[in-house]
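Numbering-wise, the first sequence is residues 237 to 808 according to my numbering.
For the record, the hints were derived by calculation from the structure and aren't laboratory data.
Treat the numbers as computed from the prediction; the structure is a model and nothing was measured.
Please note that the accuracy of each hint is not assured.
[Said to hold, decoys possible] Label pairs and their computed distance ranges (CB to CB): (1) 553 x 583: 43 to 53 Å; (2) 502 x 784: 51 to 61 Å; (3) 804 x 442: 49 to 59 Å; (4) 547 x 327: 37 to 47 Å; (5) 501 x 786: 22 to 32 Å; (6) 310 x 359: 25 to 35 Å; (7) 382 x 502: 32 to 42 Å; (8) 796 x 462: 35 to 45 Å; (9) 498 x 405: 49 to 59 Å; (10) 363 x 298: 14 to 24 Å.
Don't be surprised by glycine CBs; every beta carbon is placed ideally from N, CA and C.
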Amino acid sequence: MRYSKLLLPTLKETPAEAEVVSHRLLLRGGFIRKLTSGVYSYLPLGLAAIRKVEQIVREEMNRAGAQEVLLPMVQPADLWRESGRWEKYGPELLRFTDRHERESCLGPTHEEVITDLVRREIHSYRDLPVNLYQVQTKFRDEIRPRFGLMRGREFIMKDAYSFDIDNEQAEAEYRNMYDTYHRIFERCGLAFRAVEADTGTIGGSFSHEFMVLADTGEDTIVICKDCSYAANMEKARVKPIEQPPESVDLLECNKVETPGKRKVGAVTEFLGISPKQLVKTLVYLADSQPVAVLVRGDHEVQPVKLGNLLGAVEVEMADDKQVFDVTGVPTGYLGPAGLKIKLVADREVVAMRNFAIGANEKNYHLINANLGRDFEVDEIDDLRMVTPEDSCPECAGRLELTKGIEVGHIFKLGDSYSKALNAVYQDNQGEEHHFVMGCYGIGVSRVVAAAIEQNHDENGIIFPLPVAPFQVEILNLGLKDKAISEVAEQIYNDLEKESIEVLFDDRDERPGIKFKDADLIGIPYRLTVGKKFASDGVVEIRKRADGHTIELSPDEAVRELASMINEEMHSA
RNA sequence: CGGGGCGUAGCGCAGCCUGGUUAGCGCGCCUGCCUUGGGAGCAGGAGGUCGCAGGUUCAAAUCCUGCCGCCCCGACCA
């Protein structure tokens, strides 16, 4: 492709709206332009990168035995009512009515549609298992779109749905997809990790997220340095402590005045104890029902774990006023003893002895309180966030917290959708069973953003070869010099003959501009034809990632590039 | 939705507080000259409903009211 013919409007300055690096570079590099909040147009370079990811995804999905389909984006409300999600899904589902007043929505995901298709077309165990996927634009009316392609309202997603005869087969397919996802992200040249994840609103029994490791990621994940355990913070288990504490004498529980001491730090300092000897009482609203949660003073509640324990969809912390309305106690002095609302405790609290709690009275705390003697709780579970001080729940090894960008998510769905939509097949006895389903998503457009978040420097993008819009960029720095231009043209033709994807910067621009643009758009290999050819008969190959430069004759350069690229593409 | 901020040329901004000529600056764009290994230089030029609608005023980018859009911080997710 000739640069002079390409719509590639690079920007010297960063548009004010872009905060994160991938957003900035995608805008500056002329990959995308915003139409409206969370909705972007893909320009040729942006599309090329998207296509690269799509191609890898298709090859690996096909290899894994899945078949590609393309499902409608506009979906009837009735189908969503059947699954119960018309009510459940919330405002993220963009709803509208057509001219006949039929209610519809824009597909944020396709469990309903695919299950409907399969229930109509597949009736026999002989046609199973089946895994159907598509690559399609999804629309989710995000509360707050941001970060460019990282969290748009409209985005390109690969979603796959598997239908199996039983759990065993479904789990085999889940593993198949787990392996396939590993291959996909490896081929994309990304550093990533599969982590145990919460199943969220899609539901189902277990699930993994695939996280691209990048400091700018929105999710915090926990990985074990000593084994393969990795999990999303929402899900990360805390290793149960060895039971129970040596026999400690239970001291007498006393009320002490703690004037104005509300925060854990202030209270413990005042009392001369460690935050580990205090239990804090936090009030949450779980589907609007108040519940008090007990955790050790230096720990944090993990709301998703709490929601799972309570079977609640929405869990939020109560504000000071709500707390007072529900308990009659100002925040800072809440305690479990005598509280009238539902009370749950983190597992670790059980092992504590003689600890401090709020007295449920302004300016007072209780010391030497003990669970079982001074108060009871309704339920006990792992409810806190893990910390780097915890050890791995699997191997007791060292844990590390890192940031990640979720680019893929796989779920074992079970039969929740097939039951809701009454999707059944007959087994070899003629008996009807519900399909056992799984679903598997990859945020294709997000993968491109994540690749940039993970691979860039101060000058611009450094694309991994497999997802780069072009593999090589040729700079002709001697446009007015016939000999130089002829060689540049020759190399361009030769590389294209080798099926190498090449962008040829043949613009009538000064060298500085070409170099800066080349760095910005991040094509992995740069081949410069300039005055060194005139003087020494050599051209220059430079690797964007490490700046490594070699000088070769034009013929050698073509051969060298072809072999480097081939090797790199096939080593993954 | 709650909290904060912004809307002036394609992009980045100044001007607004304290109303008053042809609304500026840098980058980009067009023409010519010149230059050609890291976003050159000179000369000339095009480009603006000052987000929209009302209002106050002799006079509004500037003051007031309402609306719209966008960005950032929290709850959602590929």
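Tested hints:
| no. | hint | in the structure |
| --- | --- | --- |
| 1 | 553 x 583: 43 to 53 Å | violated (20 Å) |
| 2 | 502 x 784: 51 to 61 Å | holds (56 Å) |
| 3 | 804 x 442: 49 to 59 Å | violated (35 Å) |
| 4 | 547 x 327: 37 to 47 Å | violated (22 Å) |
| 5 | 501 x 786: 22 to 32 Å | violated (59 Å) |
| 6 | 310 x 359: 25 to 35 Å | holds (27 Å) |
| 7 | 382 x 502: 32 to 42 Å | holds (35 Å) |
| 8 | 796 x 462: 35 to 45 Å | holds (42 Å) |
| 9 | 498 x 405: 49 to 59 Å | holds (56 Å) |
| 10 | 363 x 298: 14 to 24 Å | holds (19 Å) |
The structure fails to meet hints 1, 3, 4, 5 from the earlier list, while all remaining hints are met.
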